[in-house]
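Undergrad: So the chains spell out like this:
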Amino acid sequence: MIIHSHNCHTDCDRIHSYSTESKRRLRVLVVAGVTITIVLALISLCIGSKTNIWVDDALSALISSMNKCGHDLTDEEMLIYKHRLPRAIAAITIGIGLSIAGAVYQAIIKNPLVEPYIMGVSSGAGTFVMAAMFTRFTFFGIFSVNDPIIIVMSAIVGGLLAFGCTMFIAKHAGEKSINYVLAGIVVGLIFSAIQSMLMIRTSIDVNNAFSWICGSFAYVSWDKMYLVLIPVITLSVIPLIWAEEFNLIVLGDDQATQMGMNVKMFNKMMLTIASILTAFCVAFCGIIGFIGLVIPHISRMLIGGDHRLVFPVSMIIGGSLLLSADLMSRTLLVGCELPVGIITTAIGVPIFAYLLIKRGYKYDKRQHFQI
Amino acid sequence: MNNRWMRICRDFSNGSRLMKTKVVLSTAIIVLGAVATVAIGGIEESAACHHSEGIVIDYGSYDTVWMDVDFAEETDPVELLKRACEKNNATPTFKDGKLIEIIRDDDKTISNDSDHEWGLWYINKGGHDFKKSENYRINASDYNVVSWAYTVDGEKPTVAVDALGTSIYGYSPPGSVVTLSPLCAEIVASMNKESIITGREKSSDYPESIKNVSVVGTYTGPSYESIMSVKHDIVFCDGSVQAQREMARILRDSNVNSVVIYDAKTLRDVINNIFIVGTVTASDDRNAVINDINRILDDIKDKTRATEGYKTLVTLGFDPSPYVAGKYTYIDDLLIDANGSNAVGSGGWLKIAPEKLMEINPDCIIVIGSSGGYKERYEEMKGLLPLAWKATNAFKNDNIHLFADKLGEKTQIAGPRIAQFAEILAKKVNPYAFKDNTPIPNGT
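Chains as they are written, first to last, in this note's numbering: chain W, 405 to 775; chain G, 36 to 479.
Accuracy of the hints is not assured; some may be wrong.
[What the hints assert, rightly or not] Far from chain W, by Cβ distances over 12 Å, these chain G residues were calculated:
(1) Ile64
(2) Lys117
(3) Thr128
(4) Leu134
(5) Lys191
(6) Gly234
(7) Gly256
(8) Gln279
(9) Asp334
(10) Asp398
(11) Leu422
(12) Asp440
(13) Phe469
[As the list claims (entries may be wrong)] Quick list of in silico lysine to any residue cross-link-like pairs, SDA-like style, CA-CA up to 25 Å:
(14) Lys166(G) / Thr542(W)
(15) Lys266(G) / Ile457(W)
(16) Lys386(G) / Ile594(W)
Hint data in this document are derived by calculation from the structure and do not stem from the laboratory. Glycine is no exception: its CB is placed at the ideal position from the N, C-alpha and C atoms.
The shape of chain W in the complex, shown without the other chains (with noise of 0.2 Å):
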């Protein structure tokens, strides 16, 4: 009991205090990921598929733009204020609610390898929001078809049935780690099959479905921009105000308990909160993986397990991430839109792959969460 007593009082004190490196490189980060960002913005704001503007254009442009409330807007103003700048926030939106839902699953189920879309999240989501599509559902004829809120409504019914589904059979499966990625992925298989069938019985929509799949900010507008800006920033912050539970929960179960946390609603809070963060996104711009899984990991081999700072880092780094690949998915072919989700995994494979190898020997199983 001593000795426990022992180790409850060295984690805790891990928990409840930052090392003075951690703190140098969390200041570091922050500084230089939203440096990064800021000027990654810029350069989304000055660079197109076909027009490119100087950057005292693009920003005399975009207050002028504003100071017109978006009415009347020349060309330019059009292009900054109208397409570029919207899809700009939207990227580094979706990849800051990306990167948190895909930190918490990892932290609640203490596996490296869970992530919105291993865990049917997406594929769930997807689906639902592919038969709303399809099927022109209009709710009984209250909304019109493809409504921006039956889409999102969709996608949060779907991201949850599956979800639902992944814990129902991880839980009869003995709740091992390993077996939420299992039943996550026999989920995400049944969705999957779902969605081909709709794509076999509505034939004429399979380049839809496909482009969709993909992912993709091209259609994003400032009439949308409220149903994920709001939703997804508001989600991600909850996390945050919870980081020091985050921490005693990848110390495990029971010593959480110990500590007088109730653990079971603490994960089922997040984990939902997780899931309906993933479908706002999934809703908005279509099923994009990679972000979820390797951000948290990313930033773990940069910062450490420390979820105080692994969640703050995962937001910037995600969404600078996201909106570097959304720069590129529209001006590697001139003319042309690449799907979003190829870019995210060709920009992401080779970092992370870069990271494993320098940093891997220091990021074992046994050290994975450690703060």
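With the hints as your guide, set chain G onto chain W.
TA: Chain G only, in chain W's frame:
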């Protein structure tokens, strides 16, 4: 250290002040987020879009006249009709308060008869479907479109809104258009307007002259920036592609006139799309193109009336489980026009199993192949056909035909060239109906 440990334990203990604060803070953030989302959603501006004020006179058979009217001056549909007739040198006649006849400037009289009737129709704002007004006392400004239409019992007036429910009338004749699909480009070209196409979708290559036009994206991925970088009085989008519907909304939000044609499922959709593009581009050739197609189709019907055509299956490629055209497709309409029958009873395009193929046992199979190389490999492919195909009457009677390359294109792009496809299809489906039937080699 001991004090610190006590603090940690206190923090994590049930009902601790910190924990409660976190719960309250989290709940408050979620509630605030939800309220803000709903509130902003409520005041969200709808995308600016083309708005027309005026009235339609619809003489039937896609013969319509539009008159711009400032609704600040007049909104009574009867007065609007009188004005429109006066402007077009036509004379309306009312009897017992009902419109019974209009004499046009070409002295043609369009009168009510046992089958046809003049009526006042309207489309609600944001809607697609015409509804007939019970009386003439409506306010035209309350509706998306108001039309005086001469219709057959049970039929609706000529299409007046695009696939997103926006009026197709009231556009200024465009000096430049952008087409986001091969179908849009083909219809614009059929109106002799290919010279005003300033941007095209990547795979659009018909007619040849548009190959030099700037590419503004792919079929499923139109690029906003590329569209904005070329001259664009009007952008034609294809309603069968969700990405293009989305693009139309975004373009309208940027005050770019965008027209979304319908997903051409049936023959009527095909004609409607031609009518929409012709109307929006103010083309003098609109009615000539539609009449040509209708004349060819009527001719096919006349020729094939006396002889029954084959039970036909139309497939995409030689797959063992091919995609086939079912009911409620333009292919089905063309088979019926040729007095043939569709071997498939279900609706839309669908994938059928080999067993189903054997069960329906078509007498004739038309294989559509769009990519190159099909034609050269036709005989080889026929030899390699799956067993289910070989079990059909079509195979046994050597009645499998390949529509590849240019002909395959005509088949798959449901545009003005559909009349040529209909003729060739009819000759395959009902060969004995055509006295001058010159054999059409496979793969042409």
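Undergrad: If a hint holds in the structure, say so; if it does not, say that too.
TA: Tested hints:
1. Ile64: violated, 6 Å
2. Lys117: With a cut-off of 12 Å, Lys117(G) remains clear of chain W, as the shortest Cβ separation is near 35 Å.
3. Thr128: Thr128(G) is indeed farther than 12 Å from all Cβ atoms of chain W, at 40 Å.
4. Leu134: holds, 32 Å
5. Lys191: Fine: 20 Å to the nearest Cβ keeps Lys191(G) off the interface.
6. Gly234: Given that some Cβ of chain W is not farther than 12 Å from that of Gly234(G), nearest at about 9 Å, it is violated.
7. Gly256: violated, 4 Å
8. Gln279: violated, 9 Å
9. Asp334: Non-interface label on Asp334(G) holds, nearest chain W Cβ at 29 Å vs cutoff 12 Å.
10. Asp398: At roughly 24 Å from the nearest Cβ of chain W, Asp398(G) sits farther out than 12 Å, so the non-interface label holds.
11. Leu422: holds, 22 Å
12. Asp440: holds, 21 Å
13. Phe469: Per Cβ check, Phe469(G) is outside 12 Å of chain W; nearest 31 Å; holds.
14. Lys166(G) / Thr542(W): The given pair, whose Cα atoms are some 21 Å apart, holds under the 25 Å limit.
15. Lys266(G) / Ile457(W): holds, 19 Å
16. Lys386(G) / Ile594(W): holds, 20 Å
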